[in-house]
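Peer 1: One letter stands for each residue in the lines below.
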Amino acid sequence: MKKTFTISLGHSIFNVEEDAYEILKRYLDSIKNYFQKMENDSEIISDFELRIAENFSSKLSSGKQYINLSDVKEVIQIMGSLDDFKEIYDDLEDESFKENENIRGKLYRDSSNRIIAGVCSGIAEYFKIDPIIVRIIFFIAAPLQLIVYIILWIGIPTKDFDPNLRKKLYRDKENGIFGGVAQGLSNYLKVDVTVIRVFFVVSLFFGGAGLLFYVLLWIFTKEAKTIGEKMNMSGFNVNLSNIEEFIKKKTNNLNSPESTLTKIFLFPFRLLAPLITAFLKIGVFIFKTMFFIFSSILIVSYSILLLIFSRILFEDINRVEDPEFYELLNAIPDYFVIFSIIFLILTISISVVISFYVLFKKKINSYLFMLMIFLWIAFFILITVSIPNVILIVQDLDLLPFWISTFENNSYYYKWSY
Amino acid sequence: MSSENFKIQIRKGLLEFCVLQIISSKEVYASEIIEELKNSKIIVVEGTVYPLLSRLKKSNYIQHSWKESTQGPPRKYYSITESGLGHLKELIISWTDINSSVKKLFKTKK
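Same order as they appear, the protein sequences are chains A and B.
Counted the way our numbering counts, the first sequence spans residues 2 to 419.
Counted the way our numbering counts, the second sequence spans residues -19 to 90.
Think of the hints as simulated: they come from the structure by calculation, not from any bench.
The structure presented is a predicted model; accordingly, all values stated were derived computationally and were not measured.
Cβ coordinates follow ideal geometry from the N, Cα and C atoms, glycine included.
Don't take each hint at face value.
Straight-line C-alpha distance at most 27 Å; calculated DSS-like pairs for lysine-lysine [claimed, not checked]:
(1) A:K3 with A:K26
(2) A:K26 with B:K56
(3) A:K74 with B:K69
(4) B:K83 with B:K18
(5) B:K18 with B:K69
(6) B:K38 with A:K87
(7) B:K56 with A:K74
(8) B:K37 with B:K83
(9) B:K21 with A:K60
(10) A:K33 with B:K21
Sample of chain A residues facing chain B (criterion: CB under 8 Å; computed from the structure) [what the hints assert, rightly or not]:
(11) G11
(12) S13
(13) N34
(14) F36
(15) E44
(16) I45
(17) D48
(18) F49
(19) E55
(20) I79
(21) M80
(22) G81
(23) D85
(24) F86
(25) K87
Chain A on its own, in the form it takes in the complex (with noise of 0.2 Å):
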């Protein structure tokens, strides 16, 4: 049993099995992609589509309602792929086509697989490693990075890559023992397994440096799950030779056969791997937990804070009550009240976003995030600077409650008062 897609291609509509589906979708698109860079004619593609209907046309019948692998490898050759333009058409490729296939040399921020605003994107299609990796040298790299980003943001033009040429790190839970981190390095390498299994090992001897990596990776990278993913995993470029290879690495990967020296040397951690993953999940499952009960107190903390002080701002404290109380909100001025309003409505709204993403994986408008960061740090710097001001005054009128007065002993009060 197979799953099938429904497609409408030149005006007929096919029922296309899922695996001929995907490397028909790609080889649609590598086309696309190269002819409208060469020629910016849509006519080209809407006319192929209409021979490659015609064709399937061919190839149905009352007892084949389908379009199966073989039926598209067979367009596929009949239509020829990428390489065979190329080598027709090498002489007539515009300036803009060029650019694209020399793309190196200039950096851009990549517009089509972004984040925020794609910079370590395009940091990665630069020096052609995948994103992932630069986006956790960011992360590492905190909290420098912020300002880093936030330069190359403002100072790189941003451009659309396709998605489909590039290679893209997944793990191959298929054929890993863990979590197919070492087995979705090796595809996306070009490595043997075992020499990235070795290294892994062996940094675990050097103060575990591989195993933050692994964790890392683990972590930020995807599951291969679909063909298309799967075929992303090696940078798969639609040509006849690669369609081979993939469907025979299809069928070989469900039993070939290892060394006896891997076997020995995977031994134990097939061994570990369950209880691992079993720890790792419990791990997970703690930490959100914690997650949850942290950014909760810190919310409901905050959210007291700030009813406390709209009060100050808008009610009336009754004088002959407490007068002293009065005489001390008086004295603070009024923008520290409201900085200090704006900045708790924000850090709770900031943590409210964050613990929903962390627990829930919501996302959010990536602009409207960092428009509340860039508040948020402005409004810490003003609170900051505005504080010493705000405790002269108040010393000045010789109002400190009591709760200061006590600390009164305390050095670094006193060196308020000189």
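Please build the complex by placing chain B on the supplied structure of chain A, with the hints as guidance.
Peer 2: Same frame as chain A, now just chain B:
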């Protein structure tokens, strides 16, 4: 330069000429052009024809019209234009020139 490369270069040079020649004789639709080119082994893969047709149309050498077909969706029929005919004549002249000089070259060598 391998013989394979030689073939590719020759085919590449002649592709436009052949396509114009096919269209000039009658109104044809894309699949017919492809069939003829494949039969005479000018092209190996079909996809290479489409960019060429687009380019010929942009230079105003050919035009197209849609016609209903008895089976399946409507088909796009190509026909040659005045300037296309003129262009084809020039191509024929240069082709016969080259052809005869190459032939002459082979005769003298013998």
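Peer 1: All the hints need checking, so say for each whether the structure fits it.
Peer 2: The hints, checked one at a time:
no.	hint	result
1	A:K3 with A:K26	holds, 17 Å
2	A:K26 with B:K56	holds, 24 Å
3	A:K74 with B:K69	violated, 40 Å
4	B:K83 with B:K18	holds, 26 Å
5	B:K18 with B:K69	holds, 23 Å
6	B:K38 with A:K87	holds, 21 Å
7	B:K56 with A:K74	holds, 26 Å
8	B:K37 with B:K83	violated, 33 Å
9	B:K21 with A:K60	holds, 24 Å
10	A:K33 with B:K21	holds, 26 Å
11	G11	holds, 7 Å
12	S13	holds, 6 Å
13	N34	violated, 13 Å
14	F36	holds, 6 Å
15	E44	holds, 6 Å
16	I45	holds, 5 Å
17	D48	holds, 5 Å
18	F49	holds, 5 Å
19	E55	holds, 6 Å
20	I79	holds, 6 Å
21	M80	holds, 4 Å
22	G81	holds, 3 Å
23	D85	holds, 5 Å
24	F86	holds, 6 Å
25	K87	violated, 10 Å
Hints 3, 8, 13, 25 from the list above are not met by this structure, while the remaining hints are.
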